[in-house]
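K.L.:
Please assemble the complex out of the two chains, which come individually in their own frames, going by the hints.
Each chain, written out:
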Amino acid sequence: MGIRFILMVNKQGQTRLAQYYEYLTLEERRALEGEIVRKCLARNEQQCSFVEHRNYKIVYRRYASLFFLVGVDNDENELAILEFIHLLVETMDRHFGNVCELDIMFHLEKAHFMLEEMVMNGCIVETSKSNILSPIQLMDRA
Amino acid sequence: MEQLKTIGRELAMGSQGGFGQSKEFLDLVKSIGEARSKAEEDRIVLHEIETLKRRISEPDIPKRKMKEYIIRLVYIEMLGHDASFGYIHAVKMTHDDTLLLKRTGYLAVTLFLNDDHDLIILIVNTIQKDLRSDNYLVVCAALNAVCRLINEETIPAMLPQVVDLLAHSKEAVRKKAIMALHRFYQKSPSSVSHLVSNFRKRLCDNDPGVMGATLCPLFDLITIEVHSYKDLVVSFVSILKQVAERRLPKSYDYHQMPAPFIQIRLLKILALLGSGDKQASENMYTVVGDIFRKCDSSSNIGNAVLYECVCCVSSIYPNPKLLEAAADVISRFLKSDSHNLKYMGIDSLGRLIKMSPEIAEQHQLAVIDCLEDPDDTLKRKTFELLYKMTKSSNVEVIVDRMIDYMISINDNHYKTDIASRCVELAEQFAPSNHWFILTMNKVFEHAGDLVNVKVAHNLMRLIAEGFGEDDDAADSQLRSSAVESYLHIIGEPKLPSVFLQVICWVLGEYGTADGKYSASYITGKLCDVAEACSNDETVKAYAVTALMKIYAFEIAAGRKVDMLHECQSLVEELSASHSTDLQQRAYELQAVICLDAHAVENIIPSDASCEDVEIDKNLSFLNSYVQQSMENGAQPYIPETQRSGMLDTNFRSQDQPEASLHGLRFEAYELPKPPVPSRIHTASLEPSTELVPASEPAYPKDTHQVATVPSVSDAGSSELKLRLDGVQRKWGRPAYSSSAPSPSSSTSQNTVNGVTQIDAAGSVISKAHKTNDSRKPRVEISPEKQKLAASLFGGSSQTEKRSTSASHKVTKAVSHAAGKSQAPKSAVVSNQVTVEKTIHQPPPDLLDLGEPAVPSTTPSVDPFKQLEGLLDPTQVSSTANHGAVGAATESPDIIALYGKTPASGHSSSAAISLPTNGDGVNFTAGLLDATLSTAHAGTTLPTQSIKGLNAKDSLEKDALVRQMGVTPSSQNPNLFRDLLS
Chain A
1 MGIRFILMVN KQGQTRLAQY YEYLTLEERR ALEGEIVRKC LARNEQQCSF
51 VEHRNYKIVY RRYASLFFLV GVDNDENELA ILEFIHLLVE TMDRHFGNVC
101 ELDIMFHLEK AHFMLEEMVM NGCIVETSKS NILSPIQLMD RA
Chain B
1 MEQLKTIGRE LAMGSQGGFG QSKEFLDLVK SIGEARSKAE EDRIVLHEIE
51 TLKRRISEPD IPKRKMKEYI IRLVYIEMLG HDASFGYIHA VKMTHDDTLL
101 LKRTGYLAVT LFLNDDHDLI ILIVNTIQKD LRSDNYLVVC AALNAVCRLI
151 NEETIPAMLP QVVDLLAHSK EAVRKKAIMA LHRFYQKSPS SVSHLVSNFR
201 KRLCDNDPGV MGATLCPLFD LITIEVHSYK DLVVSFVSIL KQVAERRLPK
251 SYDYHQMPAP FIQIRLLKIL ALLGSGDKQA SENMYTVVGD IFRKCDSSSN
301 IGNAVLYECV CCVSSIYPNP KLLEAAADVI SRFLKSDSHN LKYMGIDSLG
351 RLIKMSPEIA EQHQLAVIDC LEDPDDTLKR KTFELLYKMT KSSNVEVIVD
401 RMIDYMISIN DNHYKTDIAS RCVELAEQFA PSNHWFILTM NKVFEHAGDL
451 VNVKVAHNLM RLIAEGFGED DDAADSQLRS SAVESYLHII GEPKLPSVFL
501 QVICWVLGEY GTADGKYSAS YITGKLCDVA EACSNDETVK AYAVTALMKI
551 YAFEIAAGRK VDMLHECQSL VEELSASHST DLQQRAYELQ AVICLDAHAV
601 ENIIPSDASC EDVEIDKNLS FLNSYVQQSM ENGAQPYIPE TQRSGMLDTN
651 FRSQDQPEAS LHGLRFEAYE LPKPPVPSRI HTASLEPSTE LVPASEPAYP
701 KDTHQVATVP SVSDAGSSEL KLRLDGVQRK WGRPAYSSSA PSPSSSTSQN
751 TVNGVTQIDA AGSVISKAHK TNDSRKPRVE ISPEKQKLAA SLFGGSSQTE
801 KRSTSASHKV TKAVSHAAGK SQAPKSAVVS NQVTVEKTIH QPPPDLLDLG
851 EPAVPSTTPS VDPFKQLEGL LDPTQVSSTA NHGAVGAATE SPDIIALYGK
901 TPASGHSSSA AISLPTNGDG VNFTAGLLDA TLSTAHAGTT LPTQSIKGLN
951 AKDSLEKDAL VRQMGVTPSS QNPNLFRDLL S
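As given, the protein sequences belong to chains A and B, one line each in that order.
For the first sequence, our numbering assigns the number 1 to the initial residue and increments by one for each residue that follows.
For the second sequence, our numbering assigns the number 1 to the initial residue and increments by one for each residue that follows.
Among the hints, a few may not be true.
[To be verified] Here are a few chain B residues that face chain A, going by a calculated C-beta distance under 7 Å: (1) G33; (2) L99; (3) T104; (4) N114; (5) H117; (6) R132; (7) N135; (8) L137; (9) N144; (10) Y307; (11) K335; (12) N340; (13) L975; (14) L980.
[Unchecked claim] Computed list of lysine-lysine pairs in BS3-like fashion (alpha-carbon distance at most 25 Å, straight line): (15) K187(B) - K57(A); (16) K494(B) - K560(B); (17) K494(B) - K415(B); (18) K787(B) - K388(B); (19) K241(B) - K201(B); (20) K321(B) - K294(B); (21) K39(A) - K379(B); (22) K23(B) - K110(A); (23) K129(B) - K170(B); (24) K63(B) - K23(B); (25) K92(B) - K110(A); (26) K38(B) - K11(A); (27) K391(B) - K785(B); (28) K442(B) - K415(B); (29) K170(B) - K110(A); (30) K23(B) - K53(B); (31) K39(A) - K23(B); (32) K415(B) - K379(B); (33) K335(B) - K379(B); (34) K454(B) - K442(B).
Rather than coming from a laboratory, the hints here were simulated on the basis of the structure.
What you are looking at is a predicted structure, and each value in this text was computed from that prediction instead of being measured.
C-beta atoms are modelled at their ideal positions from N, C-alpha and C, and glycine is treated no differently.
Chain B with its partners taken away, still in its complex shape (with noise of 0.2 Å):
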């Protein structure tokens, strides 16, 4: 075999030069490729930077010399080494008159340099003449680097000159400047506003091609703005019929759909005209019905297309037919073996909850399934599910798995998006106080660094507010069990940060309100956490303010204040503190203590931390005092905006406002607090008090003006804000839900919350048994996953609604395998299709599919490397071209192939997965090719004259890297392998 494949090499060499390459090139691509390890891959580019470096500055190279070192930069900015020496060169480049070069230039340039990088400026020049050019290739050169390179100050330079080319006779031409009108928007709106019309006149373009460039700017124009495109969707939905009736010419049908991209992203412009809009989504109805009812849904395609649909009808106005095919597509998705669909299935039926939420019960078990599935990455697509469907019937459930899910995952990016969504369940469905607290506690101690400050300011917040019903026992309630449980996890080592400021808080609160616990206790386990925190000043700094409240509190109660020991020895530590914050807070304590009862109430009320503050704004009570000092001869305040030019002499600090009325200013510029005014106004002439609520900065260091809750200043600005108000949040866009749970209905349920679970319980069980005895290839159902099923789909509805859905989906799948059974033509065809798959499929892609069969195979294993070398698709050809001797060696092979296929157990499982799912429809597009050539071959065996021509192609190609050197089967035959194959 070997012998043979190298004959047929040596035969197919013939005289042919290389692909236009020089010898040196080609050894570097080659030691590149048979590199083995990124360290050997590494030294031969740091050599490589080396001799560019000494070759690439010598005068007089030659232009296709110089074209071939410039793409060698590309491969070693590739490579990931930096390669800035011969960035000139590539500018260079692109002044020159060739037009394969001046590509390459641009092409290098684009690759290496971001649009504010020093160099562009020397292409400006030359992008704006070539964009004059007559030659359209080298416009659209040119419009391609505009696209790359031009940025906000450059725009202006070629603004006009990509309008104009907007008309130009070639499509291609006016494809791209339309697409640099986009990259203009994408980088300065402002810039290209008063152009946004030209976008509405290239969408009537005659060229499919230029039209469906222009629905990318127009998707983004009416993402941000929907009203003003309105009118569009009658030009949107008829030229999307267009396309479904494939009226677009032939080269953009994929797989047998017409131009599926172009309908996908009509789709998905429909879907944001659609919104919340009835009369707009009328207009789309019956067109997307049609591509419901027209896509193939076997092909990867059909379904990408399907999935879009349905992302569209649930975005639109809901149409209950619609709704009805959507759900169909979703089913079929979730049913299917492949992981792909299984994961748009959980997608898409995550979009259509919102509309339907009925129609997640009868997927319970499949959702289930992707819940447990080891794929990590359906599986975040499922939690991402459950988190839409949460209610307060299922909260426990679904964040208890969150949960568990966040502490078992190492990546932080996700531990971070899974805690705030777990903390935004609990917060709008707790089912009780003490379960709230528990499960922000487990959050915290997973994930507490992780989590943004702001769900622990919010924490405080609802601890001190309570849950907004007007129940002061249930708060009061909340609170000690708080308390409680935080003095139950204080001693342990390692809790983040956020937490101990979130437990001081609470501690110095109400640590001692319920009075189960003594003053003593309480400040004892303060100053335990802020010694352990030894180097976490903001920790200390609440330590600190929570001890003073709970003296204050104490001596506000009459009690007589015992400072601990070791309480004493920390303030005392810190007012020689290092922070000056720290250092105030103590001296603070210091001075609290010390005063009578009545004025420290004053100072720090009890329970008072949502009390508004009266604050006055506008100083009032110093009028006289300013009165005073002017009589004294000293100058009027002047207001900040009549004060130019004379800043020093004028100025007035706030402490001493007689004292700098000459010189510099030493204290630091305060941080800015937008809402307290920090000037004196004495041209106020009414001296009105305003209720101001107690707005305070984020940041904790001002905790200790008064006991007032940290970051209640930007309420309502923040995605992660509690729901505060006992209103029921919704999530998502608005929704039309017909059955939609109203806030009072979930509120009932939570309070006969155990006996509607246990009853849906029982139900869901006995359900899962009638589907598990309908659908005999399921394998057993464990009772753990029923209960699962049970806890998280078991809420509103009845048994007798499940039944019904439970024999609907048994009709269905009858239905679908009479389906199947029906159609004998298709039914043949498909045979001939499985049997020309086997085959034409080459060997080393059976191998493939098989491959993950193995459970040992690691991506670098290289026997099976040799396998595929030896089964090599040319071998096969090359054996075939031999003729009669070909032939008798190709026969076993064939059976071998046969022999292959029930051993690879999986390729039929494969077979539905996705990469081989577009192999199908190639390998019905073979058997046209077959029929025809067996047409007028005879008795030739297909897999010759599929390949044949082919087959001579790869040999020739072979065979001159051969020549150049390049040994494919000793190294990395991979790197002869087709990937069509």
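Here chain A stands alone, though its shape is the one from the complex (with noise of 0.2 Å):
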């Protein structure tokens, strides 16, 4: 399935967005967040930007205060997902302009929509920014 979960956690280990793509309970997410997070805080920018948990790969990426951390499988290219963090916060960047921890904060939902269009059953469907944003601007417009 390629893509588990995608999140995006600050410095101080706070959620800011969290998108699963297979379900887990409350509890499991809540459990696997603080796990993870523990996990990918502790290190330090020279280490590798993956991390291995139970049967996760996580790959993150850190921007200004924010972590991206994105929960793949075993068979998936990290170098591509570290990417695709990049362009995710590049289309965020494009639509909100100089995307800020804020930013994601005031308009989850649309945070949530870029991805919608992203990813689809944890697989990469979108990577054009214009693709991805022209629902979301039709959308304000209306």
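P.N.:
What follows is the structure, encoded as structure tokens:
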């Protein structure tokens, strides 16, 4: 299935966005997020951007104070996922203009809409920024 | 500064409203954003839950307001609290006519509900309606929901509409319809098996987005059955070619790479299709070679595609040229300073090594560096590689390292993993019985309760059967050394249960076999074990059965049995046990020791755990008894299949055929035991006796039957199975290696083990010296490392070869350097880029890079945040906006930046690490921008021109937020930091 979940978490470990592509109960999510965030925040920037956790591989990337974490299957191309994160941030940046943590917080649904365009069933289905953003812009105008 | 910033904000405040959101919502987000701890956050959310519970059920809530409530529910769940009280409102919102509200409703529902939730049924109808909508955005929203909410039962309700939408005029709809179908396939392959051809059709869609999405389901389909898709090889190759040649719209480019994500998926598919298929692979060589050449190896995304090429090359039928290109990529990865690339390098090395085993040697030092790296991720990946390149010459070093690492970690998941790998390697390549037993002991001691029970059963089986060679002496030596080591280890406290079971079993079977230890000594030890594990019934059962075996062997050998006192009391205690299993064992033991030697020998033959047991499946020996009963008026047996509706009257229990003609059956149904028929078949005419291998269920309960090995039943089913047939097992998929080590060669290595190893060690050290000389920047390589390298990589090949590879490396390094110094144009460009970089890079980023250099930095250190806050990019730009004054204040800033660069130390190396790398490309984009703007603005500073527009934006945003009452500088300045700065 490829991508199992996408998380945005800030430096304090607070969740800013969470999207799961397989069902986990609230408790499972809470536990998983706690473990993963602890693991990733403890790493320094020289270390790999990849962490194994249980049967997931976490690919993460830090932007200012915000961490983007993507949980993937074992046979996924980690570097590509790392760039997928960057593409996501670039897309948000194009939409919000100098996107910051607060933009995502105030427009949580929009961030989700973008993800909905980019990822379906855990697969990356759209990578063209204009294609990703056009439905969202149309909705804004409406 | 602070004042200027404030003034800027006040000025920009203007007359705008909020983001169209209420004060209440903004307050909530604000307070969540400023929460300093999880506890505080929880408090806020709990309060929010109370508020919402009251408010959300009020009548006549305006739609906009309701949307906000729904988002607030999303927040509640996201932060780990239950918001189920509001689910129904999210469901209702999906009925709304306004697109934004509808989509928000769908979003919330998909975030809240699993596809088997009761509320889903209320949405199915809405989705069906929306799929028919004229507005394609509504259709898209519904299709998104289909992908998340439809389960196996509801698929038929959606299927026809989804299929119709595959031909929709809007590409966005077609794309989502394909993915919905993909989802149906994932959920229930049979439901869409007749529609699979649609995926093929959509592959030829005019829209690249639809085509790209179609690759996802096709990849899944091809993974499952490659053969049905061989005809598509040509299409995939031609698509890949077109993508690589930039025939796709520019908007799919990412960092100057044409549609890299589509390329990667195509390469994955080709890897599957070309695996083990020479003809298919030949079609791919050209295009994969092209991509190798075209990929930009300086960007992350370029390397991602290159990595995928390596994966593809190592999966398809080998081609020397491509293998060479792949090897080049790998060595570049491994030599990189970026840990991410090293990781990819190690991974791809593990893949390519199947094809060309010799490639590992030239990277031995890099591999060892990774193995010793403090970065756990890298270390694990390297262990994975070592696992793949283990052979009999290096197994000892590798397994020892793995066990050391296994002991050092706490992560049970990985511990289990690495333990079973150790076991597998030890079984496959063990140089000696003694080493094997000791290694297994270590694994069991430290990870005993984590390893699969099958591993234990396999170990017992291996000890019983020997290594497969017909060498009885070696086998008994194996057993003796096992017994000895177990007797040594048995006294240690807290041994895992599984390990104790193995110990008991082995001691029972072979404890007295070589005559070294007396029966009373072994039984004493067994009693100790049973007493020590007073609450582990399984171990006790193993111990009792072992006792019985020891005594039986003694009796059979004609010796007089004196039961130890402690043993007697143990048996007595167990015969009153609550566990019927233990009770039975105890009684059996008591019965067996009263029998004469001949009988005992028949019941428990010595060293017969591997013998096949004859089972008369049809129980023909009972025929006469059955006949007699029938003559006495008993009803004949009716096979189960013919027995419908008259179960009770005709049922016969196994033990007492005539007893229960009427009435209920009181004894419990037996556990399912597939091979042994439990009913009497009188119908059988031919009294055939079949030889059935003693198949015994895996649970230890039954070990008392006959002395057989537990868990022989599912031979061949598990991956954890041993190599028991003396055949060198190959790992992974079929590979084509020209110089693959044949089993015979490896065994010969085994025998002359010591010699080859010493030889290899010498040669590698000399080689290491050579490389050391040729590569000056390399820090001195410690002799330990060299030794390790020698023991890991020293093996089959000759010194000659190594020296050539070394010199090859040197020349490559030189040419690499030459390549760098050449190309004046690119040098100039890059120069420029670096200059731009230092100017454009906003201060906080530099700080960020510098951060890791300070060892004591923890995520929550505040002084740094303060600093970041001071150097906030908005501040720089706001000063820039103020013209002359701004410029004046700005220039020292830049100087400070320059000053910072060397101070941060690591920044140069960090620049190669991933996150900045991505930005690097941005900077080139920025460069373009800058040149454009300098063209029309003349002398203005580049900083200003780039940030100019955006700065105003962010300033406005900042002000707006401030107006709402969020005070950025005081609590959490990070909230305002541009992510892409």
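K.L.:
For which of the previously enumerated hints does the structure constitute a violation, in increasing order of number?
P.N.:
5, 6, 7, 11, 16, 31
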